[in-house]
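In order, the protein sequences belong to chains W and S.
Just add 13 to the spot in the first sequence (first one is 1) and you have the numbering used here.
Just add 13 to the spot in the second sequence (first one is 1) and you have the numbering used here.
Read the hints as simulated data drawn from the structure, not as lab findings.
Accuracy of the hints is not assured; some may be wrong.
All copies of an identical chain are treated as equivalent in the list; a pair is satisfied when it fits inside any one copy or across any two copies.
[Said to hold, decoys possible] In silico lysine-lysine, BS3-like type, Cα no more than 25 Å apart, as pairs: (1) Lys226 / Lys289; (2) Lys202 / Lys190; (3) Lys245 / Lys164; (4) Lys289 / Lys202; (5) Lys218 / Lys289.
Protein chains: 2
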Amino acid sequence: MAKIAIVGATGAVGIELVKCCHARKAVFGDAPPALFASARSAGKVLEGPYGPLTISEFTLEAVQGKFDYVFLAVSGSFSEQFAPSLASSGCWVIDNSSAFRYHDTVPLVVPEINFSAIKAIGGKLIANPNCTTAIAAMALWPIHQAHGGIKRMIVSTYQASSGAGEPGMQELLEGSKSQLLDGKAPVNKVFSHPLPFNCIPMIDKLQGNGYTKEEMKVAWETRKIFGDDGIKLSCTAVRIPTLRAHAEAITLETAGEITPASVLECLRGKPGVAVKDDPGNDVYPMPLSCSGEDDVQVGRIRQSEVFGDRGVDLFVCGDQLLRGAALNAVLIAEKLEGDK
Amino acid sequence: MAKIAIVGATGAVGIELVKCCHARKAVFGDAPPALFASARSAGKVLEGPYGPLTISEFTLEAVQGKFDYVFLAVSGSFSEQFAPSLASSGCWVIDNSSAFRYHDTVPLVVPEINFSAIKAIGGKLIANPNCTTAIAAMALWPIHQAHGGIKRMIVSTYQASSGAGEPGMQELLEGSKSQLLDGKAPVNKVFSHPLPFNCIPMIDKLQGNGYTKEEMKVAWETRKIFGDDGIKLSCTAVRIPTLRAHAEAITLETAGEITPASVLECLRGKPGVAVKDDPGNDVYPMPLSCSGEDDVQVGRIRQSEVFGDRGVDLFVCGDQLLRGAALNAVLIAEKLEGDK
Numbered sequence: 014m015a016k017i018a019i020v021g022a023t024g025a026v027g028i029e030l031v032k033c034c035h036a037r038k039a040v041f042g043d044a045p046p047a048l049f050a051s052a053r054s055a056g057k058v059l060e061g062p063y064g065p066l067t068i069s070e071f072t073l074e075a076v077q078g079k080f081d082y083v084f085l086a087v088s089g090s091f092s093e094q095f096a097p098s099l100a101s102s103g104c105w106v107i108d109n110s111s112a113f114r115y116h117d118t119v120p121l122v123v124p125e126i127n128f129s130a131i132k133a134i135g136g137k138l139i140a141n142p143n144c145t146t147a148i149a150a151m152a153l154w155p156i157h158q159a160h161g162g163i164k165r166m167i168v169s170t171y172q173a174s175s176g177a178g179e180p181g182m183q184e185l186l187e188g189s190k191s192q193l194l195d196g197k198a199p200v201n202k203v204f205s206h207p208l209p210f211n212c213i214p215m216i217d218k219l220q221g222n223g224y225t226k227e228e229m230k231v232a233w234e235t236r237k238i239f240g241d242d243g244i245k246l247s248c249t250a251v252r253i254p255t256l257r258a259h260a261e262a263i264t265l266e267t268a269g270e271i272t273p274a275s276v277l278e279c280l281r282g283k284p285g286v287a288v289k290d291d292p293g294n295d296v297y298p299m300p301l302s303c304s305g306e307d308d309v310q311v312g313r314i315r316q317s318e319v320f321g322d323r324g325v326d327l328f329v330c331g332d333q334l335l336r337g338a339a340l341n342a343v344l345i346a347e348k349l350e351g352d353k
Numbered sequence: 014m015a016k017i018a019i020v021g022a023t024g025a026v027g028i029e030l031v032k033c034c035h036a037r038k039a040v041f042g043d044a045p046p047a048l049f050a051s052a053r054s055a056g057k058v059l060e061g062p063y064g065p066l067t068i069s070e071f072t073l074e075a076v077q078g079k080f081d082y083v084f085l086a087v088s089g090s091f092s093e094q095f096a097p098s099l100a101s102s103g104c105w106v107i108d109n110s111s112a113f114r115y116h117d118t119v120p121l122v123v124p125e126i127n128f129s130a131i132k133a134i135g136g137k138l139i140a141n142p143n144c145t146t147a148i149a150a151m152a153l154w155p156i157h158q159a160h161g162g163i164k165r166m167i168v169s170t171y172q173a174s175s176g177a178g179e180p181g182m183q184e185l186l187e188g189s190k191s192q193l194l195d196g197k198a199p200v201n202k203v204f205s206h207p208l209p210f211n212c213i214p215m216i217d218k219l220q221g222n223g224y225t226k227e228e229m230k231v232a233w234e235t236r237k238i239f240g241d242d243g244i245k246l247s248c249t250a251v252r253i254p255t256l257r258a259h260a261e262a263i264t265l266e267t268a269g270e271i272t273p274a275s276v277l278e279c280l281r282g283k284p285g286v287a288v289k290d291d292p293g294n295d296v297y298p299m300p301l302s303c304s305g306e307d308d309v310q311v312g313r314i315r316q317s318e319v320f321g322d323r324g325v326d327l328f329v330c331g332d333q334l335l336r337g338a339a340l341n342a343v344l345i346a347e348k349l350e351g352d353k
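Full structure from sequences and hints, please.
See the structure below:
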C-alpha cells in the first residue's frame, strides 16, 4: 500500500489529486492520502471521496522520509524551498509548479510519452508539465512519432479560469453574476482585467522576447518532453470565460507527409486521447464536454491551408485540473508504483 | 442631403447602422434614414439617436430608385433576391451578407484599403466583408504594404455571440443567467451547443476541405480585398462567450523582413487602427475595451518564434457590429458621398 501525501490540498488541483488517488485505490490501496497545507488551513476538514479528511500543517519534518509519493500543488517558491529535501529523503516528489521544469537534472514527464526520462535522468524529483503543454502533448506526440517529427507549430489557446485556481473560477462566477443581475462592472483581483464576457490575451509574466512565460512554457516544455530541441513553436495564450477546461487551436508542420487520415490513424486507440471529429454532426472538442473527463479530446482535423501536405490544423481540449495537472501527476505515481 | 434606407433595421447590425448614420449627420444630412424590415416588424417603432423611427415593410417598389444608399442587413437569400434590382434602379446598395462577396463583378470593400475597387469593377452593388476579415484587414493591410506582402497567415478567432445577431447575444445572456442562478443547463437554439462558460470551434457550414465557411471566408475575402491571390491562410474560427467584439490571434509570414518595430511604424497614424501594445502595463486588445469603439485594436506584437525575421505574431480585436459590419458599410457610403 502506497503512502501518499498531498501538499496544497485545499486548492483546486489539490482537491482533484485526492479524487484521482481515490479513483486508483486498486493501485495505491484503500488508505486515504495525508493532506497538508499552510498553517492557515490546518485543522480544516475536506469532504471528498474518502469521506472527511483533516488537513495538517505542512512542515518538512512531518513529511520527509514518511511517504512514498508526495504531490506538491503549491507555489513555485514553496517547491523550490522544499522539493529537493523531500526528494532526497526518499519520497518520490511530483511537483506541479514550474520551479524545476527546466532543470536538466529534473525529468519533466507526461507518463504516456516520456516516462523513461525518470530513470534516464535519475533522482526522485519529477516535474509535472504546464497544463496547456500537457493537454496538447497528448494529441501531438503520436503525430510527432508517425510523421517524421513536428517541425513548426502555431498554438492559440482558449484557457479556463481554473488556470488561476479556485480563486480564478470564483472571480469569473461572481463577476458574471454581478454583471448579469446588478448590472455592475465585475471586480477583478485575480485577473488583470474583468474576465466575464471578455478575453484576456496575456497569461503569466512578460518575457524579454515579447511572449509571456505561459506562451514560452509551451515551447520549452514541448521540446523537453518530446526530446526534440528543433521544434519551432509560437504560442498566443488567451484567458477566456470558461471554468476548467483549456482548448487550443493548433497548426503544425511535420517533416513527413501528413493528412487528416494519417492523423486519425496514429491517434486511434491511444490512451488518454479521445477523437471527437465529426463537425458535420456538431461533434468537436469543447470545454463543456471535456470538463471532468480524463481524456484529451482532438478534432477539427484538416489539411493545413498554409503548410499543404506537410501540415494539419486541429483543435484540442482537455480538463485543465486533470490532464493539465492532477491526473498527469497521479498517473506518474501509478506508473512508478507499477514499476516496483 | 443623402437619402438612406436601412433594410433589416431591427437586427443588431441594423440598429448600429442607424447610429453610424447619425454620427455622420455632417455628411449625410439631418434627416433620418428610412427603416425597412419584414412584414412582421412593420409598424414597430425603433428608439435611437434620431428619436423614434417607425419601421416600414420592405417591398422592392418602396425602395428601388428612391434612395441614394440602401444598406442591406438581411440574409444572403434576401440579398440575392433583391440586391441586383435595387442596384440597377440607381441606388448604391451596400450588402452585409455573403451573397455577392465572391462575385467577380461585385467589389468587396474595406474603404481604407480598396475603395478604388468600386470604380474599377463598376456597378452599384457593393459587398461588405465578413466581420472577422474586416477587423483583421485593418491591421494587416499596412503590414502587407510595408513588408513586401503577406505570404502566409494562421488565424485563430475568439468570436462574439453578436456574430449570430441579437438572438445570439440574448441566448448567451439568458443561458448564463439560468446557469448561474438556477443551476440549470443553458438552452441553445441559436448555437449548436450552449455557449455560456464554453467555446464552440465551429461557425457556419462545413466545407469539403474540412474548414468551415467562416474560416474560408477569411482566406477568400482577405485575398480579394488585398488583391493578392497568393496569400496562404489557415483559420480556426471559434465562438467564445463574449458579446460584441471579435478577437483574433494572428501569426504571419511576410516576403520581406519584419520586426515588431517595423509593424508599429507602419501602423502609426493609420485611420481606424489603435495600437494597444504595452503588455507590461496590461495594455492589449480586448473585447471589453473594443466594444462600441470604431477603431480596431492591435497589440501583443512580437517576432514570430516560427517564421523568424520574416514573421510576427499579433492580437487584434474590433467591434463585430461596427468595423465588422455597420461602420464599414457606412464608411463606404461616406466615401462615395465625398466622391460626388
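So, going through the hints one by one against the coordinates:
1. Lys226 / Lys289: between (30 Å within a copy, 20 Å between copies)
2. Lys202 / Lys190: Result: close both inside a copy and across copies, 16 Å intra and 23 Å inter.
3. Lys245 / Lys164: both (6 Å within a copy, 18 Å between copies)
4. Lys289 / Lys202: Between copies only: 22 Å across, 36 Å inside.
5. Lys218 / Lys289: between (33 Å within a copy, 17 Å between copies)
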